[in-house]
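Here is what each chain is made of, one letter per residue.
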Amino acid sequence: MLGRTPRRGQLSCRAVGRALQAYLDDEIADERGPLIGNHLDACLRCGMDAASFRWLKARLAGLAPGPTEHELNRLRAFADTLA
Amino acid sequence: MTVAGDAFRHYVVPELAVLLRVARRLTGDPTTAEDLVQETLLRAYRGLERFDGRHPRAWLLTILRNTWRNMNRRARPQLLRSDDEILSVAAPGADGRSGAEEQVIDHMIDGELIAGLRQLSDNHRAVVMLVDVDGLTYQEAADVLGVPAGTVMSRLHRARRRLRRRLEQRGYPLAVTG
Numbered sequence: 000m001l002g003r004t005p006r007r008g009q010l011s012c013r014a015v016g017r018a019l020q021a022y023l024d025d026e027i028a029d030e031r032g033p034l035i036g037n038h039l040d041a042c043l044r045c046g047m048d049a050a051s052f053r054w055l056k057a058r059l060a061g062l063a064p065g066p067t068e069h070e071l072n073r074l075r076a077f078a079d080t081l082a
Numbered sequence: 000m001t002v003a004g005d006a007f008r009h010y011v012v013p014e015l016a017v018l019l020r021v022a023r024r025l026t027g028d029p030t031t032a033e034d035l036v037q038e039t040l041l042r043a044y045r046g047l048e049r050f051d052g053r054h055p056r057a058w059l060l061t062i063l064r065n066t067w068r069n070m071n072r073r074a075r076p077q078l079l080r081s082d083d084e085i086l087s088v089a090a091p092g093a094d095g096r097s098g099a100e101e102q103v104i105d106h107m108i109d110g111e112l113i114a115g116l117r118q119l120s121d122n123h124r125a126v127v128m129l130v131d132v133d134g135l136t137y138q139e140a141a142d143v144l145g146v147p148a149g150t151v152m153s154r155l156h157r158a159r160r161r162l163r164r165r166l167e168q169r170g171y172p173l174a175v176t177g
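Residue numbers (numbering that gives the first Met the number 0), protein chains in the order written: chain P, 0 to 82; chain E, 0 to 177.
Each hint should be verified, as a subset may be incorrect.
Said to hold, decoys possible - Result set (EDC-like, lysine to aspartate or glutamate): computed pairs, CA atoms no more than 20 angstroms apart in a straight line:
#1 Lys56/P to Glu30/P
#2 Lys56/P to Asp25/P
#3 Lys56/P to Asp121/E
#4 Lys56/P to Glu48/E
#5 Lys56/P to Asp28/E
#6 Lys56/P to Glu101/E
#7 Lys56/P to Asp24/P
#8 Lys56/P to Glu38/E
The hints are simulated quantities; they were obtained by calculation from the structure and are not laboratory data.
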């Protein structure tokens, strides 16, 4: 289905679009979460929108390496001197 | 072993990696970042008895932000300067993936994303770096930046759309490649 007219208990494409980033970031803890998930499963356009942002997030997460174990060990050693 | 020492190990030590990542964003320099984290640890240890045990990461990030302000009052958070060396594109093949063509495309996409990040405003780049690259929650990023969580969300929304548009305009098949 391309775009959806919401029924009772469902969300519109516009409402899903407004909450989409927060949904993808696991920032929605209320009842909208499952409703958004259902909408993304059923609505081709919103589902593709979400897939492209998920992909973007995954690419961004891989851009910068985290601290090395060597760097963390130095900080752990410093923390040990305090604790 | 002291009670304070136990609490420090329990609440603070598990957050070292996040603190160092965020410190790198704020300072734009690995050496200064480590100094900043060490100073943050000192302040956290001294303030431990006032900490209620809830949301240790948020507590530590607030100390980190305030410490950075005190260390360098006139400096703005760097959050990926144009000459930032912390972000860099790994050479094709460096991630161990097979397929020469795939590696080249990955390399090109990463390069486009970094160029796109550099073209964002400081505010937009900051939220992408903290949330998407460093993995902070909206509230944690808000604590670092000193803005409401809703502002983090709206900036993130606009920034991601700009980055996505940039890739689309250059013909990258989003959600298929990579």
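Here's how the hints hold up against the structure:
Between Lys56/P and Glu30/P, the direct Cα distance comes to roughly 24 angstroms. Violation of the 20 angstroms bound is thereby established for this hinted pair. For the hint pairing Lys56/P with Asp25/P, the CA-to-CA distance comes to about 12 angstroms; that is within 20 angstroms, so the pair holds. For the given pair, Lys56/P sits about 19 angstroms from Asp121/E by alpha-carbon distance, which is consistent with the 20 angstroms threshold. For the proposed pair Lys56/P and Glu48/E, the alpha carbon gap of about 38 angstroms is over 20 angstroms, so the pair is violated.
Pair hint Lys56/P plus Asp28/E does not hold up; C-alpha atoms about 24 angstroms apart against a cutoff of 20 angstroms. With a C-alpha separation of about 19 angstroms, the suggested pairing of Lys56/P with Glu101/E holds against the 20 angstroms cut-off. Distance restraint check for Lys56/P and Asp24/P: the Cα-Cα separation of roughly 9 angstroms lies within the 20 angstroms cut-off, and the hinted pair is therefore satisfied. A hinted pair counts as satisfied when its Cα atoms are at most 20 angstroms apart, and Lys56/P with Glu38/E does not qualify at roughly 32 angstroms.
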